[in-house]
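**Q** What follows is the residue order along each chain.
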Amino acid sequence: MNVVDLARLQFAVTATLHFLFVALTLGLVTVVAFLQTRALRTKDPERRSLRMRQVRFWGGLYVVNYALGIISGLAQEFQFGLNWSGLSHVLGNVVGAPLAIETMVAFFLEATFLGLWAFGFGRVPPRAHLALIWGVAFTAYASTFWIMVVNGFMQRPVGYEMRDGTAHVTDWGAVVTNGATWYAIVHIAGAVTLLAGLFMTAVSAYHLRRDRDIGFFRPTLVQGSLLAGAGALVTTAAGVVHLVALDDYQPEKYAVVMGATGAELDRARDAAAAAYGTGDWLPPVWVGVASLLMLLIGLLLVVLVWVPATAVRGAPPGASLARRRFRLRLPAVLLPLGFVAMICGWLSREVGRQPWMVTGELTVREAIGDVSVGGMLASFLAFTFVLGTLAVIDWVLICHYARRGPDAGLLGDEDLFPAGPVRALD
Amino acid sequence: MDVFWYALVGLLLAGYLALESIDFGVGMLLPLAPSEAGRARVRRTIVPLFLANEVWLVAFVGLLFGALPLLEGKLLYALRLPLLALLTAWFLRDAALWFRGAHPGAAWRRTWDVVLPVSSLVLAAGWGAVLAALVRGLSTNGGGHAVLTATDLLHPFALLGGCVTVAGSLRQGALFTGRAVPGDSVHAVRLGRVRRAATPALLVLLLLTAVVGALTTGAPPAVAGVGALAAVCVLASEASLRSGRTFSALLFGAVPFLTAPLAVGAAHGTTVLATRSGAGELDLPEAIADAASLQLLAVTVLPVFLVVIPAQVWIWRVFAPTDRA
Ligand code: HDD
Ligand code: HEM
Ligand code: HEM
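Residue numbers (the working numbering), protein chains in the order written: chain H, 4 to 429; chain V, -5 to 319.
Since the hints were derived computationally from the structure, they do not count as laboratory data. Predicted model, so just to flag it, every value in this text is computed and none were measured. Backbone N, C-alpha and C fix where the C-beta goes; we use that ideal spot for every residue, glycine too. Be a bit skeptical, because a hint or two may be false.
To be verified - Here are the in silico distance ranges between beta carbons for each label pair:
{"#": "1", "chain 1": "H", "residue 1": "L380", "chain 2": "V", "residue 2": "P297", "range": "39 to 45 Å"}
{"#": "2", "chain 1": "H", "residue 1": "G162", "chain 2": "V", "residue 2": "V312", "range": "40 to 46 Å"}
{"#": "3", "chain 1": "V", "residue 1": "V312", "chain 2": "H", "residue 2": "Y279", "range": "53 to 59 Å"}
{"#": "4", "chain 1": "V", "residue 1": "A273", "chain 2": "H", "residue 2": "A278", "range": "35 to 41 Å"}
With these hints in hand, go ahead and build the complete structure from the sequences.
**A** Here's what the structure looks like:
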């Protein structure tokens, strides 16, 4: 493997790990914010505390998931400088500001708000506490927006000019309204909603299958299922619109993603050579498989995610649902499929951009820093090993606490994981 | 205006070091707690705060990319291997803080009880050594690029820099944790001992750093001045402590960390990436982003401080242990 391959693999591994967690973070934060808003607007103290119990349960799982979103995000941020310094040399003026705004406007606030929210149950006044979770949600989406501005520019550069080998922005309006950014954002917003809904459904179904806490999990089964359904529709609609637009601004990618072969593919290759000069500017054809997989899973989900909600039909509140086995097992199959579709989506987008770092302006090869193979291998192995291990630990913890249910006391007044084990040992 | 952005970026790094010095110290001192309950309590005091502390470094790198993109590329390139070690330690430190309480197993806790102090030590020592090496000036490699080599890191000045940040962090950690444990406990006695040993050690190390710096760096007055300022503040911190004001003691104790990035600027002025040979250097006018980017940053980033600063004060008021709580 050469340096470029190693750097790409490293980015692919860390970005995939990052997004596996981030996607759930983005989806769940909205769910938790709505749950807490509803709880706070409930007058009846008993129902209110039931609803706060929901906030603590889903919020606790959200915070455990968040931990790895942050750790893997750090690896992302530093990689630009560590491995891809060509990016800052040529395009620093364009991609630097959005990334800076992302970290300053989003993370700086988000991290502070999150700490106050996660550990502030019972310590921060209820209204302020609610405002905090909305602050976290808002900044998380702000960060998504700005990172996608960068990613959109890499797919379809707009609003800039090249002077002396460096890019200068001439129109920030064009940069932030880039279609390649916005199609993706709507598609991602749908996909993360879908994932959060599937996650809620899967966890609720697990408990309902065992007749545990029916009063708590029955409503979330239905809510999750409907949320996932709505998310799936948005995802698909945005995906189709996106696909059509792709033909316009990344025709080479479009050809490969649509599985073009033979003469059709050669036409795309020739058109690219005419635009960018001699050379092969087509992305690897296997990207088509990833796209197809995403598409098939997407269509499957649109049809199936509604099914778990029907498990409650005709059953009086509090009654056992455990015998509706198929409908309660289904979400455990759909959830991993959702994650697979998401990764396939990113593979289509990012590998489909090859060999360009920034379409038409900078190739991946030119963007790489002057790093030795040994140095690149060292960072690849270190990041992959450490992040991979931590990711597994985090997933095991999420599953463990999801299975223990709302009384595990995941999110307490003063600590994460306060009620259970710590006291037990003293 | 260029200097303003450079200083703002430096301020973010200074904020990171000042705030995280406490986390590093608390992490290193975790083993001093005599019981499981004590270690759980120590972790609990710092967990709500560490995210808000470490995010200063995230902001530093982000703004560096936005305002000084060329410096970001060259600096991270130069520091590649040490940064790799620091990042790995950072991931593990965070994981230890997040995950330690998640499982009741004794082996689980013992593992994180090793990971936390070791990773905190690597972070404290590593940042000190790296900053000292930047003050002294980097080496130049065969390709004409600035790099931080192993010999740079093993130079006495860099080693002293690492020792200063470790001693300073231990002192900060002892002050901070001391506020959270009962005053007559074994734990409090041990923390007091650490602080009383760390203070003179820190003063001697600062003196040595200033002397070695005056002999081996290109800017003796800058290095000596910054060292003297740090030493005076350590003394002021001791004085505050004696009059019972532990919070101002913590504030004064943070000054040696605030001054570390200042020393880089004081030593090299507007040469934002300095090498000892002069080859591969980067000057501010060359490193700064273009006017359009800076304008966008000015309207988006500067207002954020108006929200972030109160929010960070708020988080301290809610979660920082009050005296002998
Ligand atoms: C679509 C959304 C999205 C995308 C494409 C990315 N991120 Fe991310 N990132 C988030 C959405 C997000 C988030 C949901 O906002 C996180 C998860 C946990 C958090 O704190 O924010 C986050 C965390 C996070 C952190 C930790 C911040 C902290 O300390 O609080 C960093 C440094 C990055 N990311 C950096 C990146 C970089 C350099 C990316 C470019 C590849 C990237 N992220 C892609
Ligand atoms: C039939 C349904 C779907 C269609 C038509 C579709 C279409 C697309 C298209 C055209 C892209 C852009 C590729 C590029 O810009 O190069 C994309 C990307 C992506 N897709 Fe899908 N998709 C569908 C379903 C899904 C599902 C179910 C998920 C996840 C749960 C998903 C997640 C993603 C992600 C994360 C990306 C990368 C970011 C982006 O470009 O938006 N997609 N999809
Ligand atoms: C978190 C969401 C993201 C995911 C899951 C993702 C996924 C990927 C994948 C799978 C690759 C490997 C492509 C290959 O090896 O051919 C890649 C490469 C890359 N992506 Fe992304 N990407 C994400 C967001 C971004 C964003 C927002 C940026 C830019 C700001 C970006 C910049 C890059 C770079 C620099 C590379 C390496 C060069 C290359 O191979 O094209 N990615 N990404």
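**Q** Which earlier hints can't be squared with this structure?
**A** none
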